[in-house]
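Heads up, the sequence shown is in our numbering, so the first residue is 1 and it goes up one at a time.
Keep in mind the hints are simulated off the structure, nothing from the lab.
Careful, some of the hints might be misleading.
Label pairs and their calculated CB-CB ranges [stated by the list, open to error]:
1) V74 - V9: 17 to 27 Å
2) R18 - Q40: 33 to 43 Å
3) Y11 - Q40: 17 to 27 Å
4) I47 - T6: 12 to 22 Å
All residues carry an ideal CB built from backbone N, CA and C; glycine is no exception.
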Amino acid sequence: MVDEDTMIVCYEDIKDDRFPPGAGKDYVRASSVAFWKYEQLPEVRGIPQTRVTYCQQIDLKGFIPALVMNSRGVQTLEYLSSMRQKF
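Could you build the full structure based on these sequences and the hints that come with them?
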């Protein structure tokens with residue numbers, strides 16, 4: 001926690017010896033870092049409020065068609081939107 005009103009969660013990829021770099025043609029070992037920041041805001045009409053900031057950087061370590069990447073980006077944003085609607 002940063003302070004009593006802010007929490008930060010970070011994710012980083014790990015190395016897994018079951019999938020060494022260059023060992024197979026069926027997969028590519030990518031890497032990513034993700035960052036979530038939750039900030040408590042003042043209540044609005046008695047309803048608790050939270051600001052969520054999400055950042056992610058991904059290195060897929062290969063040639064990925066833009067169509068595939070764009071569709072994944074949309075799915076990620078849809079997930080964040082659904083979180084907003086639920087909370």
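CB-CB spacing for Q40 and R18 relative to the 33 to 43 Å hint: The hint (33 to 43 Å, Cβ to Cβ) holds, given that R18 and Q40 are roughly 40 Å apart.
Lying within 17 to 27 Å: is that true of the beta-carbon distance V74 to V9? holds (23 Å)
Distance restraint evaluation - Y11, Q40, Cβ atoms, bounds 17 to 27 Å: This hint holds: roughly 22 Å between Cβ atoms.
Verdict for I47, T6 (Cβ pair) under range 12 to 22 Å: holds (19 Å)
This entry satisfies every hint, going by the numbered hints stated previously.
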